[in-house]
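Peer 1: Chains as they are written, first to last, in the numbering used here: chain A, 1 to 385; chain B, 386 to 558.
Just so you know, the hints here were simulated from the structure itself, not pulled from any lab data. Hints should not be assumed to be uniformly reliable.
Pairs of lysine-lysine, DSSO-like flavour, derived with a Cα cap of 27 Å [to be verified]:
no.	chain 1	residue 1	chain 2	residue 2
1	A	K26	A	K74
2	B	K443	B	K412
3	B	K425	A	K312
4	A	K156	B	K491
5	B	K425	A	K309
6	A	K312	A	K156
7	A	K306	B	K491
8	A	K74	B	K425
9	A	K315	B	K460
10	B	K460	A	K74
11	A	K309	B	K491
12	B	K491	A	K345
13	A	K309	B	K412
14	A	K156	B	K425
15	B	K460	A	K340
Now the in silico label distances, taken between C-beta atoms and shown as ranges [unchecked claim]:
no.	chain 1	residue 1	chain 2	residue 2	range
16	B	E479	A	R168	48 to 58 Å
17	B	A396	A	D185	47 to 57 Å
18	B	K460	A	R216	27 to 37 Å
19	B	Y528	A	A367	40 to 50 Å
20	A	E220	B	I405	13 to 23 Å
21	B	E394	A	I63	44 to 54 Å
22	B	Q391	A	I265	46 to 56 Å
23	A	M148	B	K443	46 to 56 Å
24	B	A432	A	Y342	36 to 46 Å
25	B	E479	A	Q34	33 to 43 Å
26	B	L414	A	D185	34 to 44 Å
27	B	K460	A	P314	21 to 31 Å
28	B	A396	A	Y52	46 to 56 Å
Note that beta-carbon positions come from the ideal geometry of N, C-alpha and C, so glycine has one too.
What follows is each chain in one-letter form.
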Amino acid sequence: MQAFDPNSLRGDLVSARFEPGPTEDKLILSMGPQHPSTHGVLRIMLELDGEYIVRAEPVLGYIHRMHEWMAEQKTYMQFMPNMGRVDYLHPMAWNWAFAGAVERLMGLEVPERAEYIRVAVTELNRITSHLLWWGAYLLDLGAFTPIMYAFDDREKILDILQDVTGSRLTYSYFTIGGLYGDVPDDFASRCLAFTRHLRSRLPMYRDLVTDNVILRGRCEGIGVMDVELARRYGATGPMIRGSGAPVDTRRAEPYGVYNRFDFHIPTYTEGDAMARYMVRLDELVTSCDIIDQAVANLPGGPIQTKVPKTIKPPKGEASFAVEGARGKILVHVRSDGGPKPYRVKLRAPGFSNLHVFSELAEGTLLADAVSILGSLDLVIPEIDR
Amino acid sequence: MSQLSQLIEEAYTGLKSLVIGLGVTGKALCEPGVTVIYPKEEVDNLATFRGHVELIGKDDDPAVARCVACGACAKACPSNCISVLCPVPVKEGEADTGKLGPAPQKGSKTPAQFIVDYSLCSLCGQCARACPVDSLRFCHDAYTVAFDRKAFQFELVSRLRQQAEQALEGGEE
Ligand code: SF4
Ligand code: SF4
């Protein structure tokens with residue numbers, strides 16, 4: 001019988017980089033896929049020295065859906081429902097990014113009313129995304145009750161959005177040149193009632209969680225990312241705003257009617273997990289402000305411009321950037337004049353945000369890795385599109 | 386000594402945030418619940434809910450669909466879940482075998498079968514948008530549950546007829 005040779009196990013399942021380190025007592029640990037705190041099927045290869053992380057490497061590819069390839073097989077309108085599946089927590093922003101890119105390519109003008117409704121539903125959707133993140137993050141950190149409160153409030157928005165779009169999660173509400181349908185008559189009053197309700201709930205969120213010593217202990221000074229690092233990795237959204245840079249697509253490259261609204265972009269300079277947490281909580285208020293303004297000034301008129309029955313944009317290319325809940329979303333469309341796109345490129349914010357993790361996690365404790373990973377607000381289908 | 390005072394301070398702040406947190410939870414305990422206890426209760430906001438698609442009957446005869454069997458919905462559907470079947474025209478000298486073919490078929494203005502596979506449907510509404518005679522809409526059935534995928538294949542022409550008959554019976558009672 002042959003003797004067991006440990007050297008035959010050299011190397012790793014994923015990449016040659018994951019050979020055991022120079023010292024014998026390093027442990028290679030695979031966190032996920034299907035780990036409760038990786039929010040889907042993300043796998044992270046960790047090299048541990050005791051409980052300290054020496055190296056971390058995210059491994060992707062477990063739910064690759066080939067959205068970009070699928071775009072080339074379907075007509076422009078047929079691809080629309082896919083956008084709800086890329087990031088199922090903020091589908092409105094993706095809807096907008098794709099519709100916007102095609103509209104830019106065709107030179108279509110979207111009616112005013114549609115633009116205002118787009119702003120309102122996208123911001124409502126951003127709140128649902130942040131609320132879910134809030135609950136799920138605290139779940140990762142071991143607190144169970146907050147997610148119940150978050151779902152309670154989120155449910156109220158889902159009810160509004162269901163009355164608008166007919167679905168509760170994967171809305172396919174935007175069409176090229178407008179919207180699928182008009183909002184119900186009581187939309188404005190319900191939105192205003194909701195934002196008032198959410199504002200009254202925020203002190204409770206603060207009492208229950210934000211001021212809690214356990215959360216502070218697990219988030220303050222953990223995963224500190226400076227602006228330089230964020231820029232180097234192309235991190236956007238609450239990630240870079242938590243590092244002190246007021247970068248927001250809604251301000252930097254205004255799209256739709258955003259330049260008509262008056263809103264504050266929250267930033268924190270600490271760059272740690274707590275700063276990212278605070279940015280997201282403050283963004284709930286920002287979104288409430290925008291919704292209030294959008295529904296108060298909702299103009300009348302049509303919600304859809306005239307578009308030809310088969311959409312055939314002229315030859316050329318266009319891109320459209322949108323601020324999603326996780327950062328900058330960009331859709332680039334290239335047309336060869338046919339009814340199907342020649343090429344569609346999706347830029348997902350989570351993809352850039354995730355890869356900062358390797359550097360942030362180095363030298364931290366394994367338990368801190370969970371706090372850092374949660375503070376990135378990952379949605380795996382978006383990363384693994 | 387300073388270590389001791391720090392310890393006491395930490396214990397104090399910890400206890401304080403614990404009490405505040407418990408206060409919030411305690412208050413929520415006394416508030417009414419927000420969830421619906423299914424199946425005892427059912428949700429009431431299904432007026433705009435998107436279930437699977439269904440055919441709309443003609444105004445004067447609700448048992449017959451408005452559909453003119455043009456096949457536009459099947460062509461527009463990104464998930465290929467619609468098939469509209471019409472009788473194939475019989476050639477001269479041949480017996481009518483009742484064969485069905487995909488719409489549109491020459492001369493056929495009504496669908497013999499309209500099959501929707503709800504298990505594939507992405508609820509995008511492209512079919513309803515594409516329909517030239519507004520013959521499709523979403524039904525408001527939120528409780529379609531089954532163990533078998535085949536149970537999600539609906540034949541809409543007979544479903545419409547059944548619905549119309551039920552409505553008629555209900556009206557007579
Ligand atoms: S809603 Fe969309 S996926 Fe469903 S049948 Fe209609 S076109 Fe097909
Ligand atoms: S598009 Fe309308 S009329 Fe044409 S086959 Fe479909 S349901 Fe019938």
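Peer 1: Each hint: holds or not?
Peer 2: Okay, the hints, checked on the actual structure:
no. : hint                        : verdict
1   : K26/A x K74/A               : violated, 49 Å
2   : K443/B x K412/B             : violated, 55 Å
3   : K425/B x K312/A             : violated, 51 Å
4   : K156/A x K491/B             : violated, 51 Å
5   : K425/B x K309/A             : violated, 46 Å
6   : K312/A x K156/A             : violated, 39 Å
7   : K306/A x K491/B             : violated, 31 Å
8   : K74/A x K425/B              : violated, 43 Å
9   : K315/A x K460/B             : holds, 24 Å
10  : K460/B x K74/A              : holds, 11 Å
11  : K309/A x K491/B             : holds, 23 Å
12  : K491/B x K345/A             : violated, 42 Å
13  : K309/A x K412/B             : violated, 56 Å
14  : K156/A x K425/B             : holds, 21 Å
15  : K460/B x K340/A             : holds, 14 Å
16  : E479/B x R168/A: 48 to 58 Å : holds, 52 Å
17  : A396/B x D185/A: 47 to 57 Å : holds, 56 Å
18  : K460/B x R216/A: 27 to 37 Å : violated, 58 Å
19  : Y528/B x A367/A: 40 to 50 Å : holds, 42 Å
20  : E220/A x I405/B: 13 to 23 Å : holds, 18 Å
21  : E394/B x I63/A: 44 to 54 Å  : holds, 48 Å
22  : Q391/B x I265/A: 46 to 56 Å : violated, 38 Å
23  : M148/A x K443/B: 46 to 56 Å : holds, 49 Å
24  : A432/B x Y342/A: 36 to 46 Å : holds, 41 Å
25  : E479/B x Q34/A: 33 to 43 Å  : violated, 59 Å
26  : L414/B x D185/A: 34 to 44 Å : holds, 37 Å
27  : K460/B x P314/A: 21 to 31 Å : holds, 23 Å
28  : A396/B x Y52/A: 46 to 56 Å  : violated, 28 Å
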